[in-house]
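Colleague: Heads up, the final residue of the sequence shown is numbered 271 in the working numbering, and it's a clean run with no missing numbers.
There's no promise every hint is true.
[To be verified] Simulated pairs of lysine-lysine, BS3-like, Cα-Cα distance not exceeding 27 Å:
1. Lys-108 with Lys-172
2. Lys-108 with Lys-92
3. Lys-172 with Lys-92
These are calculated hints, taken from the structure and not from any lab test.
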Amino acid sequence: TWFLVNLSRSRTRTPPTMAGSAAAPRYAVRVTPAIEQDDALRALHERHRAAHPARADHERLMATVGARWSAFISAESVEAAKRFELRAGDVVVATHSKAGTTLMQMIVHQLRTGGSLDFDEISLVVPWLEPALDMGASLDAPQPGAPPRAFKTHFAWQDMPKARGARYVVVLRDFHDVVASLYAFLLDWFYTEHELRLCDMVHMMLYERSVPYWEHVAGWLRAARERPDDVLIVFFDDLLRHREHVVRTVARFIGVGGGDD
11 TWFLVNLSRS RTRTPPTMAG SAAAPRYAVR VTPAIEQDDA LRALHERHRA AHPARADHER
71 LMATVGARWS AFISAESVEA AKRFELRAGD VVVATHSKAG TTLMQMIVHQ LRTGGSLDFD
131 EISLVVPWLE PALDMGASLD APQPGAPPRA FKTHFAWQDM PKARGARYVV VLRDFHDVVA
191 SLYAFLLDWF YTEHELRLCD MVHMMLYERS VPYWEHVAGW LRAARERPDD VLIVFFDDLL
251 RHREHVVRTV ARFIGVGGGD D
């Protein structure tokens, strides 16, 4: 019930946009206005701003943060990732930001290699789709332990490259924990406390993202219902509390590491 109520709110409520935000492609890390054509709401918003002079300054700060965040990965790199051709047997670790991505990357890589730790950073062996072009990385480069090849993404399902026989391991985490973790992760990197408060992050995640949080979650849940052989849903809490069960489930799903070892 809590999930459905929050999903309904995030899809029907349309609060004012951040001033000065520029349009960007639909992508879970990019920031775009939620409202572009609503004269009545815009007029109400302007009256509210006039009555609260400090709000305009704060909106300018949020717009600056939004532009900074949107520039993290270029639109060209995102579009190139959408066109990437997956193959049957490929494994994609698909999450929202700060929802257990690295842990699941590690699990998948350990399963396919029998426990190898011969790498400097996990995304060098389980590459991230979206920034690959910006980083000059080839997504078709050989991977240790492949097959299966493995990749990481924060794409929503509707933007995800798809292939028959590819496997998508999706990790879902409680919204409150995602927001708190992401805010702390980006603090003093993308913004300061003065520029963006925790409550601003909540607002941004629910309403100002090109793919709001609940839409991102709902899309992957629909995909799992429609393609149960291809999409596995894992909950972050189970990764922490029932890890052995999760690891065995993932191993069966991606077709590796099936033995007791």
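Colleague: A separate judgement is required for each hint: does it hold in the structure or not?
Modeller: Verification of the supplied hints:
{"no.": "1", "hint": "Lys-108 with Lys-172", "verdict": "23 Å, holds"}
{"no.": "2", "hint": "Lys-108 with Lys-92", "verdict": "21 Å, holds"}
{"no.": "3", "hint": "Lys-172 with Lys-92", "verdict": "9 Å, holds"}
Against the hints set out earlier in the document, no violation occurs for any number.
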